[in-house]
Amino acid sequence: MSGFDIFAIAFVLLVIVTLFAGVKTVPQGYDWTIERFGKYTRTLSPGLNLIIPYFDRVGRKMNMMEQVISIPEQEVITKDNATVTVDGVAFYQVFDAAKASYEVSNLDQAIIVLTMTNIRSVMGSMDLDAVLSHRDEINERLLRVVDAAVSPWGLKVNRIEIKDIVPPADLVEAMGRQMKAERVKRADILQAEGQRQSEILRAEGAKQGQILQAEGRREAAFRDAEARERSAEAEAKATQMVSEAIAKGDVAALNYFIADKYIKAFGQLADSPNQKIVMLPIEAMSILGSLAGIGEIAKATFGEAATSATAARRASSVPNTGPTPPPVAPQR
Amino acid sequence: MAEMFSTLGTWNWLIFGFILMALELLAPGIFLFWLGLAALLVGLLSFAVNPSWQTQILMFAVFAVAAVPAWRHFARSEGSRSLSNPFLNRRTEALIGREFTLEKPIVDGTGTVRIDDTIWRVAGPDAPAGSRVKVVQADGASLTVAAA
Numbered sequence: 001m002s003g004f005d006i007f008a009i010a011f012v013l014l015v016i017v018t019l020f021a022g023v024k025t026v027p028q029g030y031d032w033t034i035e036r037f038g039k040y041t042r043t044l045s046p047g048l049n050l051i052i053p054y055f056d057r058v059g060r061k062m063n064m065m066e067q068v069i070s071i072p073e074q075e076v077i078t079k080d081n082a083t084v085t086v087d088g089v090a091f092y093q094v095f096d097a098a099k100a101s102y103e104v105s106n107l108d109q110a111i112i113v114l115t116m117t118n119i120r121s122v123m124g125s126m127d128l129d130a131v132l133s134h135r136d137e138i139n140e141r142l143l144r145v146v147d148a149a150v151s152p153w154g155l156k157v158n159r160i161e162i163k164d165i166v167p168p169a170d171l172v173e174a175m176g177r178q179m180k181a182e183r184v185k186r187a188d189i190l191q192a193e194g195q196r197q198s199e200i201l202r203a204e205g206a207k208q209g210q211i212l213q214a215e216g217r218r219e220a221a222f223r224d225a226e227a228r229e230r231s232a233e234a235e236a237k238a239t240q241m242v243s244e245a246i247a248k249g250d251v252a253a254l255n256y257f258i259a260d261k262y263i264k265a266f267g268q269l270a271d272s273p274n275q276k277i278v279m280l281p282i283e284a285m286s287i288l289g290s291l292a293g294i295g296e297i298a299k300a301t302f303g304e305a306a307t308s309a310t311a312a313r314r315a316s317s318v319p320n321t322g323p324t325p326p327p328v329a330p331q332r
Numbered sequence: 001m002a003e004m005f006s007t008l009g010t011w012n013w014l015i016f017g018f019i020l021m022a023l024e025l026l027a028p029g030i031f032l033f034w035l036g037l038a039a040l041l042v043g044l045l046s047f048a049v050n051p052s053w054q055t056q057i058l059m060f061a062v063f064a065v066a067a068v069p070a071w072r073h074f075a076r077s078e079g080s081r082s083l084s085n086p087f088l089n090r091r092t093e094a095l096i097g098r099e100f101t102l103e104k105p106i107v108d109g110t111g112t113v114r115i116d117d118t119i120w121r122v123a124g125p126d127a128p129a130g131s132r133v134k135v136v137q138a139d140g141a142s143l144t145v146a147a148a
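As they're listed, the protein sequences go chains D and G.
Under our numbering, the residue at position 182 of the first sequence is numbered 182, and the numbers go up by one with no gaps.
Under our numbering, the residue at position 18 of the second sequence is numbered 18, and the numbers go up by one with no gaps.
Since the hints were derived computationally from the structure, they do not count as laboratory data.
A virtual CB, placed ideally from N, CA and C, is assigned to each residue, including glycine.
Careful, some of the hints might be misleading.
Just the calculated beta-carbon pair ranges, DEER-fashion [as the list claims (entries may be wrong)]:
no. : chain 1 : residue 1 : chain 2 : residue 2 : range
1   : G       : Ala22     : D       : Ser121    : 55 to 61 Å
2   : G       : Ala22     : D       : Val166    : 53 to 59 Å
3   : G       : Gly130    : D       : Lys180    : 43 to 49 Å
4   : D       : Gly29     : G       : Pro69     : 26 to 32 Å
5   : G       : Ala27     : D       : Ile52     : 20 to 26 Å
6   : G       : Pro105    : D       : Leu171    : 39 to 45 Å
7   : G       : Pro86     : D       : Gln109    : 32 to 38 Å
Output of the computed footprint for chain G on chain D, the stretches with three or more beta carbons under 8 Å from beta carbons of chain G [said to hold, decoys possible]:
no. : stretch
8   : 46-55
9   : 94-102
10  : 152-160
Turn these sequences into a full structure, and let the hints guide you.
See below:
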């Protein structure tokens, strides 16, 4: 084999290796940095790229896609001295491959440590209650601080989320009890309020009822009084009329009325269908005595002769009922 | 070895070219492909003129090197065609021309706007919070704005 043979073979191998070193295909989602003699010169974007072999070298292959890193769990002491365990996630994207490659060493670690320290400072300035209830605010404050801090590295932190905030177990238990007590309190208050309301309503109802009853009684009394007034009036009128009649006539007419009433009352007494024996008070004897008086009146009226004028007057004042039969005691 | 090249000669190049192209499919990188093309070209030329094997091998090397500018020309014209998603992995460039409301005032050249549920720090002339700004330039992660 001559020297030219070996040269030809070596030349082909060199060409192949050179081409291999000079042609670079960068996949989408990545940027490659190029270093000439170890110094950064340019960035290759996705697609086919040529570099000058022997001079240029691919430095870092930087991922330009948004990436997520988890922030490891750590203990944070809040402003009110509660120790909570916190972890989270951060999303970032590299926008400048050169800066992300050379401005910072160990990019992920730098972001993690930066975020962890900022979680401590943000949450350390808040009370436990605020820490548990203002997660959005914490996320936003973290994002502002961390994003500003990483901007010299050519990347942007798009989002930092606190994943879990775990207070110590005894604190969780106490919080549970507090919540339960709060609800029991609310329930008790509601119940008492309900009772109060119902009592008031019931009393109101009773009061209303009594008022109505009293009003009814009042009304009834008014009407009773009226009735009594009216009957008294009627009585008075009747009496007046009788006395007027008497004044015009003889006193005997009055006696006649009284006798009539007596007899009628006595008749009623005797007419009672199941009354065979009539018990009369002693006083009644004097009534019987009066019957004799009535007989006298009758005799005086009809038996004896009187002046024609008097007779005429009697006739007008006493209804003509014929001769009054002598009063008799009830037969039965 | 020399005998093998000289006797198989022409067919060798064509077989070599096909093998290179097949390898390209297995390990993509647009690199073995045009080595394969160069090999096929040498093979076809060898049918016509039948040069010595050393010449053939040098022709292969020359074709391989010559393919670089030719391919580059092709790649450029390919790259200049409009892509279906030109802003893939270039989020800031997609923001150029859009208008936003300043969340924090621009003081000493920097302020913040809220874009797509995250906070972007922007550079530009001083302006109070709430004023409308327009993104005029994007350089990496930093946006430059002007009053809209």
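Worksheet item: Can you list which hints this structure breaks, lowest number first?
Response: Checked against the structure, no hint fails, so every one of them is satisfied.
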